[in-house]
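Enquirer: For the sequence shown, full-length UniProt numbering gives the first residue as 1, with consecutive numbering after it.
None of these hints come from the bench; they were simulated from the model.
Given the structure is predicted, the values throughout are model-derived calculations rather than measurements.
Worth double-checking, as some hints may not be accurate.
[What the hints assert, rightly or not] The list that follows gives simulated cross-link-like pairs (lysine-lysine, DSSO-like), each with its CA atoms no further than 30 Å apart: (1) Lys-231 / Lys-168; (2) Lys-231 / Lys-113; (3) Lys-146 / Lys-66; (4) Lys-113 / Lys-156; (5) Lys-179 / Lys-231; (6) Lys-38 / Lys-22; (7) Lys-231 / Lys-156; (8) Lys-168 / Lys-146; (9) Lys-41 / Lys-22; (10) Lys-38 / Lys-124; (11) Lys-66 / Lys-38; (12) Lys-146 / Lys-179; (13) Lys-168 / Lys-113; (14) Lys-156 / Lys-179; (15) Lys-29 / Lys-66; (16) Lys-113 / Lys-179; (17) Lys-41 / Lys-29; (18) Lys-124 / Lys-22; (19) Lys-124 / Lys-156; (20) Lys-156 / Lys-168; (21) Lys-146 / Lys-156; (22) Lys-179 / Lys-168; (23) Lys-66 / Lys-41; (24) Lys-66 / Lys-113; (25) Lys-146 / Lys-113; (26) Lys-124 / Lys-113; (27) Lys-22 / Lys-66; (28) Lys-124 / Lys-146; (29) Lys-124 / Lys-66; (30) Lys-41 / Lys-124.
[Stated by the list, open to error] Distance windows between CB atoms, simulated: (31) His-121 / Ser-211: 29 to 37 Å; (32) Asn-159 / Arg-120: 26 to 34 Å; (33) Arg-194 / Ser-76: 18 to 26 Å; (34) Pro-16 / Pro-84: 25 to 33 Å.
Glycine included, C-beta positions come from ideal geometry on N, C-alpha and C.
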Amino acid sequence: MYLYGYHACHAALLNPHRVIEKIYLTDQKTTERLPPLKMSKVEMVDRRRMDNMLQPGAVHQGIALKVQPLETLDLSFLESDTTPNQQVIVLDQVSDPHNVGAVLRSAAVFGAKAVILTERHAPKESGALAKAACGALERVPLCLVKNLAQGIEELKQMNFWCVGFSEKGQQTLTQIDLKGKIALILGSEGDGMRQRTQSLCDFQVCLPSASDFSTLNVSNAAAIALYETFKSQQG
Numbered sequence: 001m002y003l004y005g006y007h008a009c010h011a012a013l014l015n016p017h018r019v020i021e022k023i024y025l026t027d028q029k030t031t032e033r034l035p036p037l038k039m040s041k042v043e044m045v046d047r048r049r050m051d052n053m054l055q056p057g058a059v060h061q062g063i064a065l066k067v068q069p070l071e072t073l074d075l076s077f078l079e080s081d082t083t084p085n086q087q088v089i090v091l092d093q094v095s096d097p098h099n100v101g102a103v104l105r106s107a108a109v110f111g112a113k114a115v116i117l118t119e120r121h122a123p124k125e126s127g128a129l130a131k132a133a134c135g136a137l138e139r140v141p142l143c144l145v146k147n148l149a150q151g152i153e154e155l156k157q158m159n160f161w162c163v164g165f166s167e168k169g170q171q172t173l174t175q176i177d178l179k180g181k182i183a184l185i186l187g188s189e190g191d192g193m194r195q196r197t198q199s200l201c202d203f204q205v206c207l208p209s210a211s212d213f214s215t216l217n218v219s220n221a222a223a224i225a226l227y228e229t230f231k232s233q234q235g
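Produce the entire structure from the sequences given, and follow the hints as far as they go.
Expert: What follows is the structure, given as structure tokens:
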């Protein structure tokens, strides 16, 4: 697969867990802004060739990497983390790679331990997702679960409180205790959380809005949720 764009590629070059097979550049001067490179892996190409290598419309900024996907983690890695205050994001059938990438970016900013997706009805690791994540794909684990309900139950066994977001929520996020281990669960923009997912939430909350137009992009809602949880846990 290919990663492209300065921030996504710069972060990948710094990630010791990322296997990089080839580095493509359109301008030799780009090397001055990057970590030390194995020059044997660097190939200079013109912009037309780079455009043809990547998906149509990819904004590559003159840099692309041919890489192997990162190793997929399961939820068990969270068990070894003894940090008293933690947050993770759980996405219920959010399928747009740009949304997932934007959620990863916010997760990195606000110190989330993981972004959790289902194996089906969710985007695979890709250049578009990595570009939207702006380097966060290399910093925040992307965990895949076969069955989201079982994944939520597993989080509960690790003492996570599961907080689902719904326009019908009877509380706002700031009205509940956000200290400890918190799993923030968001559904797709069209359908929201599935019924089974809702039934497993310890709390269902809404984000207050100024009018009856309360629909937010899922990545924007995730950013607000992550910020409020981070702020509460830092207090």
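Enquirer: For every hint, state whether the structure bears it out.
Expert: Results of checking the hints against the structure:
1. Under the criterion of a C-alpha separation no larger than 30 Å, the hint pairing Lys-231 with Lys-168 is consistent with the structure, at around 24 Å.
2. Straight-line distance between C-alpha atoms of Lys-231 and Lys-113 comes to about 15 Å, which keeps the hinted pair within the 30 Å bound.
3. With a CA separation close to 28 Å, the supplied pair Lys-146 and Lys-66 stays within the 30 Å bound.
4. This hinted pair checks out: Lys-113 and Lys-156 have alpha carbons roughly 15 Å apart, not beyond 30 Å.
5. As the CA atoms of Lys-179 and Lys-231 are separated by approximately 10 Å, the hinted pair is consistent with the 30 Å bound.
6. This hinted pair checks out: Lys-38 and Lys-22 have alpha carbons roughly 9 Å apart, not beyond 30 Å.
7. Restraint check for Lys-231 and Lys-156: satisfied, since their Cα atoms lie roughly 22 Å apart, inside the 30 Å limit.
8. Pair hint Lys-168 plus Lys-146 holds up; C-alpha atoms about 27 Å apart against a cutoff of 30 Å.
9. Only pairs whose Cα atoms come within 30 Å are accepted, and Lys-41 paired with Lys-22 is accepted, the gap being roughly 5 Å.
10. The straight-line distance between the Cα atoms of Lys-38 and Lys-124 is roughly 28 Å, inside the 30 Å bound, and the hint therefore holds.
11. For the suggested pair Lys-66 and Lys-38, the alpha carbons sit about 14 Å apart, so the restraint of at most 30 Å is met.
12. Distance hint between Lys-146 and Lys-179 is fulfilled; the C-alpha atoms sit about 28 Å from each other, no more than 30 Å.
13. For the suggested pair Lys-168 and Lys-113, the alpha carbons sit about 27 Å apart, so the restraint of at most 30 Å is met.
14. Annotation: proposed proximity of Lys-156 to Lys-179 holds, straight-line Cα distance about 15 Å (limit 30 Å).
15. Of the supplied pair hints, the one linking Lys-29 and Lys-66 holds, its CA atoms being roughly 20 Å apart against a limit of 30 Å.
16. Proposed proximity of Lys-113 and Lys-179 is supported: the alpha carbons are some 15 Å apart, at most 30 Å.
17. Between Lys-41 and Lys-29 the alpha-carbon distance is near 16 Å, which keeps this suggested pair within the 30 Å criterion.
18. For the hint pairing Lys-124 with Lys-22, the CA-to-CA distance comes to about 21 Å; that is within 30 Å, so the pair holds.
19. At most 30 Å may separate the alpha-carbon atoms for a hinted pair to count; Lys-124 and Lys-156 meet this at roughly 26 Å.
20. Between the alpha carbons of Lys-156 and Lys-168 the distance comes to roughly 23 Å, so the proposed pair stays at or under 30 Å and holds.
21. Only pairs whose Cα atoms come within 30 Å are accepted, and Lys-146 paired with Lys-156 is accepted, the gap being roughly 17 Å.
22. With a C-alpha separation of about 23 Å, the suggested pair Lys-179 and Lys-168 falls inside the 30 Å cut-off, and the hint holds.
23. Distance restraint check for Lys-66 and Lys-41: the Cα-Cα separation of roughly 10 Å lies within the 30 Å cut-off, and the hinted pair is therefore satisfied.
24. Taking the CA atoms of Lys-66 and Lys-113, the gap is near 27 Å; set against the 30 Å cutoff, the hint holds.
25. Straight-line distance between C-alpha atoms of Lys-146 and Lys-113 comes to about 19 Å, which keeps the hinted pair within the 30 Å bound.
26. Under the criterion of a C-alpha separation no larger than 30 Å, the hint pairing Lys-124 with Lys-113 is consistent with the structure, at around 19 Å.
27. Note on Lys-22 and Lys-66: the hinted pairing holds, with a Cα-Cα distance of about 5 Å set against a maximum of 30 Å.
28. Between Lys-124 and Lys-146, the direct Cα distance comes to roughly 14 Å. Compliance with the 30 Å bound is thereby established for this hinted pair.
29. In summary, the hint linking Lys-124 to Lys-66 is supported, as the alpha carbons are separated by about 16 Å, within the 30 Å threshold.
30. Restraint check for Lys-41 and Lys-124: satisfied, since their Cα atoms lie roughly 25 Å apart, inside the 30 Å limit.
31. For His-121 and Ser-211, the Cβ-Cβ distance of about 31 Å falls inside the hinted range of 29 to 37 Å, so the restraint holds.
32. For Asn-159 and Arg-120, the Cβ-Cβ distance of about 28 Å falls inside the hinted range of 26 to 34 Å, so the restraint holds.
33. A beta carbon spacing of about 24 Å between Arg-194 and Ser-76 agrees with the range 18 to 26 Å that was offered as a hint.
34. Taking the beta carbon of each, Pro-16 and Pro-84 are about 28 Å apart, inside 25 to 33 Å as hinted.
When the structure is compared with the earlier hints, no violation turns up for any of them.
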